[in-house]
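Participant: Listed here are the chains, written in short residue letters.
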Amino acid sequence: MTVAAKAGTPLDERSKYLRSLIIDGLGAGRGHVGSPLSLVEIVRVLYDEVLNVRPSEPAWPGRDRFILSKGHGCLALYAVLADRGFFSKEELKRHCKSGALLGGHVDAHIPGIEASTGSLGHGLPIGVGSAIAARLKGRSSRVFVVLGDGELGEGSVWEAALAASKHKLDQLTAIVDYNKLQSYGRVDEVLPLEPMADKWRAFGFAVREVDGHDVAALRDTFAALPFAAGKPNAVIAHTLKGRGIGFAELNPEWHHKSSLKPETIDELRRALEQD
Amino acid sequence: MRQSALNAVYELAKRDPRVLFIGSDLGAGVLDKMKAEMPDRFFMEGVSEAAIVGMSAGLAMDGFIPYFNTIATFITRRCFEQVAVDLCLHDLPVRLLASGGGAVYAPLGPTHMALEDIAIMRALPNMTVVCPADAPEMTRAIDATLEWPHPVYVRFGKGGDPVVSSAANGFALGKAITMRRGRDLAIVSTGVMTARCLGAAQELAEAGVDASVVHVHTVKPLDERAICEAASMCGLVVTVEEHSRIGGLGSAVADMLAETGIRTPQLRLAFPDAFIGTYGSQDSVLEAAGLQPPQIAQSIRETLQRNKGSFTLSRL
Numbered sequence: 076m077t078v079a080a081k082a083g084t085p086l087d088e089r090s091k092y093l094r095s096l097i098i099d100g101l102g103a104g105r106g107h108v109g110s111p112l113s114l115v116e117i118v119r120v121l122y123d124e125v126l127n128v129r130p131s132e133p134a135w136p137g138r139d140r141f142i143l144s145k146g147h148g149c150l151a152l153y154a155v156l157a158d159r160g161f162f163s164k165e166e167l168k169r170h171c172k173s174g175a176l177l178g179g180h181v182d183a184h185i186p187g188i189e190a191s192t193g194s195l196g197h198g199l200p201i202g203v204g205s206a207i208a209a210r211l212k213g214r215s216s217r218v219f220v221v222l223g224d225g226e227l228g229e230g231s232v233w234e235a236a237l238a239a240s241k242h243k244l245d246q247l248t249a250i251v252d253y254n255k256l257q258s259y260g261r262v263d264e265v266l267p268l269e270p271m272a273d274k275w276r277a278f279g280f281a282v283r284e285v286d287g288h289d290v291a292a293l294r295d296t297f298a299a300l301p302f303a304a305g306k307p308n309a310v311i312a313h314t315l316k317g318r319g320i321g322f323a324e325l326n327p328e329w330h331h332k333s334s335l336k337p338e339t340i341d342e343l344r345r346a347l348e349q350d
Numbered sequence: 008m009r010q011s012a013l014n015a016v017y018e019l020a021k022r023d024p025r026v027l028f029i030g031s032d033l034g035a036g037v038l039d040k041m042k043a044e045m046p047d048r049f050f051m052e053g054v055s056e057a058a059i060v061g062m063s064a065g066l067a068m069d070g071f072i073p074y075f076n077t078i079a080t081f082i083t084r085r086c087f088e089q090v091a092v093d094l095c096l097h098d099l100p101v102r103l104l105a106s107g108g109g110a111v112y113a114p115l116g117p118t119h120m121a122l123e124d125i126a127i128m129r130a131l132p133n134m135t136v137v138c139p140a141d142a143p144e145m146t147r148a149i150d151a152t153l154e155w156p157h158p159v160y161v162r163f164g165k166g167g168d169p170v171v172s173s174a175a176n177g178f179a180l181g182k183a184i185t186m187r188r189g190r191d192l193a194i195v196s197t198g199v200m201t202a203r204c205l206g207a208a209q210e211l212a213e214a215g216v217d218a219s220v221v222h223v224h225t226v227k228p229l230d231e232r233a234i235c236e237a238a239s240m241c242g243l244v245v246t247v248e249e250h251s252r253i254g255g256l257g258s259a260v261a262d263m264l265a266e267t268g269i270r271t272p273q274l275r276l277a278f279p280d281a282f283i284g285t286y287g288s289q290d291s292v293l294e295a296a297g298l299q300p301p302q303i304a305q306s307i308r309e310t311l312q313r314n315k316g317s318f319t320l321s322r323l
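In order, the protein sequences belong to chains A and B.
For the first sequence, my numbering begins at 76 and goes up steadily by one.
For the second sequence, my numbering begins at 8 and goes up steadily by one.
Bear in mind the hints are in silico, worked out from the structure with no lab data behind them.
Among these hints, one or two may not hold up.
Listed below are the simulated BS3-like cross-link pairs for lysine-lysine, each with C-alpha atoms no more than 27 Å apart in a straight line [claimed, not checked]: (1) K40(B) to K212(A); (2) K332(A) to K91(A); (3) K91(A) to K255(A); (4) K306(A) to K212(A); (5) K165(B) to K243(A); (6) K212(A) to K241(A); (7) K212(A) to K91(A); (8) K336(A) to K168(A); (9) K212(A) to K315(B); (10) K336(A) to K91(A); (11) K241(A) to K40(B); (12) K172(A) to K241(A); (13) K332(A) to K172(A); (14) K241(A) to K315(B); (15) K243(A) to K42(B); (16) K164(A) to K306(A); (17) K165(B) to K42(B); (18) K212(A) to K243(A); (19) K306(A) to K21(B); (20) K42(B) to K241(A); (21) K274(A) to K306(A); (22) K40(B) to K165(B); (23) K255(A) to K306(A); (24) K212(A) to K255(A); (25) K165(B) to K212(A); (26) K168(A) to K332(A).
Quick look at which bits of chain B chain A covers, simulated, 3 or more residues with Cβ under 8 Å [said to hold, decoys possible]: (27) 53-65; (28) 255-268.
For each residue, glycine too, the CB sits at the ideal point set by N, CA and C.
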């Protein structure tokens with residue numbers, strides 16, 4: 076089954092609001108642009124409706140674990156965590172600045188962040204350890220790991236996939252933000268990944284595909300977890316890189332920007348309003 | 008030494024439920040008793056070292072103390088980023104048990120010889136680097152890691168190494184042990200080289216040169232006080248290690264002496280900056296590098312002769 080993200084589907088007010096927080100973060104002058112915009116709905120649905128977490132007690136032992144393995148998508152997670160009260164929204168405006176709480180990749184010193192990532196291929200192995208730890212402690216908490224599609228070029232992802240399957244970690248869910256673009260260009264030109272779903276199946280995962288911008292579909296998908304008893308789960312979320320900013324969508328030049336001028340930030344806000 | 012280390016892990020696991028053992032693809036039968044008695048805490052995860060380090064991090068984040076054993080070069084070369092990011096950046100109590108430190112795997116060639124592992128590991132913030140001298144000290148070292156709140160790299164010798172350590176000296180991570188006291192020069196060594204240095208010191212004594220031997224089982228954090236004390240009271244510091252001359256114990260001591268302003272000259276005995284282009288045994292490779300006791304003693308004698316008059320030795 077191939078589920079294509081619908082470029083023309085309007086975003087609802089909450090999705091637009093979270094993207095406006097991302098633009099607040101970019102307003103500090105730099106950051107990854109396309110990468111967080113493709114995963115807003117994934118983290119939104121997880122934090123609004125799926126994860127058992129306590130913003131006032133981020134280290135609560137019984138919490139579900141969420142690991143953003145594509146750490147460069149951090150602004151989407153920062154936006155959701157700030158909105159849920161893990162830290163002040165004002166922190167977004169100092170993103171990447173000297174002395175700021177929030178940097179250009181997620182870091183475990185930030186309230187609500189489980190693991191520091193940035194270099195790729197680290198999140199799923201850590202997630203495997205977290206899931207085994209929960210089992211050893213008799214906890215029912217679950218582990219969710221969001222991976223980028225370009226990230227799947229890292230061998231450690233597939234090493235961890237073998238381990239997840241061996242240990243029958245059905246409380247572990249790998250979510251692929253499949254936006255089809257990596258830094259240089261199209262994934263299917265740089266290092267093709269298809270057949271994506273079959274790869275995860277071959278590694279022993281129970282797999283579902285979903286439109287990664289369809290809030291209701293994501294909700295239904297996560298509600299069906301675990302997809303099969305004794306198997307780790309893979310959600311292939313078909314997304315659009317840059318979703319919500321028309322001129323940035325599917326444009327690899329908007330993967331990352333290191334010098335965003337105030338007028339460009341204004342353009343981003345106007346484009347978001349027009350979505 | 009490896010057997011002592013794994014037995015020590017088993018004993019720790021019996022008394023502390025946080026202790027886990029993880030192997031990559033180790034030899035058949037390893038820790039069978041632990042596997043039988045504590046199957047939930049024994050893992051053999053295959054040839055996937057990078058993911059194992061990450062998995063260990065995930066377990067440690069939840070309060071477990073994983074002891075991960077594989078070959079030294081697979082930990083240090085292959086998994087460097089996982090060790091740096093997953094373990095050191097998060098400052099997690101994962102223990103990396105490195106089989107075949109130094110030239111142990113000389114017959115197996117350069118892919119397996121770990122002659123730059125100390126340099127790689129000591130470059131990482133939060134990492135502790137331990138190189139016990141012999142099997143009994145290995146047991147004491149593993150015991151000491153239980154409550155150490157940081158990642159630890161433990162370098163294994165070949166096994167059957169001569170026992171020179173003593174329980175009477177105790178064992179504390181980061182605290183060097185003076186094995187022999189002498190007035191003329193101080194030999195500072197780590198791992199299985201300490202036994203060879205004691206042999207060299209004996210030879211020197213017979214020639215009238217009085218050498219201290221300071222055993223630095225913990226290369227990081229370095230016991231600066233013990234080394235400074237030894238260096239400031241003699242005419243020559245000799246560092247001896249089964250490691251490249253770049254980045255190991257000799258470098259750590261040189262860095263430290265330079266900063267403290269102690270002007271005692273240093274002779275560094277180590278492997279050259281080169282891959283070893285031969286096979287043979289650990290002993291034959293050490294000999295080729297001038298690191299057996301008679302050669303260590305000879306290098307020291309030559310240095311003393313060469314610098315006669317410029318060193319302040321008590322007896323020359």
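Participant: Hint by hint, say whether it matches the structure.
Facilitator: Do the hints match the structure? See the list:
Distance check on the hinted pair: K40(B) and K212(A) sit about 22 Å apart at the alpha-carbon level, within 27 Å; holds. Between K332(A) and K91(A) the alpha-carbon distance is near 21 Å, which keeps this suggested pair within the 27 Å criterion. Between K91(A) and K255(A), the direct Cα distance comes to roughly 22 Å. Compliance with the 27 Å bound is thereby established for this hinted pair. Among the hinted pairs, K306(A) with K212(A) is consistent with the structure: their alpha-carbon atoms are about 19 Å apart, no more than 27 Å.
Distance hint between K165(B) and K243(A) is unfulfilled; the C-alpha atoms sit about 37 Å from each other, more than 27 Å. A hinted pair counts as satisfied when its Cα atoms are at most 27 Å apart, and K212(A) with K241(A) qualifies at roughly 19 Å. Proximity of K212(A) to K91(A) is assessed by CA-CA distance (about 40 Å); at most 27 Å being required, the pair is judged violated. The suggested pairing of K336(A) with K168(A) holds, with an alpha-carbon distance near 14 Å, which does not exceed 27 Å.
For the given pair, K212(A) sits about 66 Å from K315(B) by alpha-carbon distance, which is inconsistent with the 27 Å threshold. Taken as a hint, the K336(A) and K91(A) pair is honoured in the structure, with Cα atoms around 21 Å apart against an allowance of 27 Å. For the hint linking K241(A) to K40(B), the alpha-carbon distance of about 22 Å falls within 27 Å, and the restraint holds. Taking the CA atoms of K172(A) and K241(A), the gap is near 43 Å; set against the 27 Å cutoff, the hint is violated.
Our distance criterion of 27 Å between C-alpha atoms is met by K332(A) and K172(A), whose separation comes to about 15 Å. About 66 Å separates the Cα atoms of K241(A) and K315(B), which puts this hinted pair outside 27 Å; it is violated. Note on K243(A) and K42(B): the hinted pairing holds, with a Cα-Cα distance of about 19 Å set against a maximum of 27 Å. Between K164(A) and K306(A) the alpha-carbon distance is near 38 Å, which puts this suggested pair outside the 27 Å criterion.
Among the hinted pairs, K165(B) with K42(B) is consistent with the structure: their alpha-carbon atoms are about 24 Å apart, no more than 27 Å. For the hint pairing K212(A) with K243(A), the CA-to-CA distance comes to about 16 Å; that is within 27 Å, so the pair holds. With a C-alpha separation of about 31 Å, the suggested pairing of K306(A) with K21(B) is violated against the 27 Å cut-off. Only pairs whose Cα atoms come within 27 Å are accepted, and K42(B) paired with K241(A) is accepted, the gap being roughly 17 Å.
For the hint linking K274(A) to K306(A), the alpha-carbon distance of about 14 Å falls within 27 Å, and the restraint holds. A C-alpha spacing of about 23 Å is found between K40(B) and K165(B), which places the hinted pair at or below 27 Å, so the restraint holds. A threshold of 27 Å between alpha carbons decides the hint, and for K255(A) with K306(A) the separation of about 26 Å falls inside it, so the pair holds. Between the alpha carbons of K212(A) and K255(A) the distance comes to roughly 38 Å, so the proposed pair goes past 27 Å and is violated.
Of the pairs offered as hints, the one joining K165(B) and K212(A) is violated, with about 37 Å between alpha carbons and a cut-off of 27 Å exceeded. Simply put, K168(A) and K332(A) have alpha-carbon atoms about 16 Å apart, close enough for the 27 Å limit, and the pair holds. With 11 residues carrying a beta carbon less than 8 Å from a beta carbon of chain A, the stretch 53-65 of chain B meets the three-residue requirement, and the given coverage holds. Requiring three or more residues with a Cβ within less than 8 Å of a Cβ of chain A, the coverage given for the stretch 255-268 of chain B is violated, as only 0 such residues are present.
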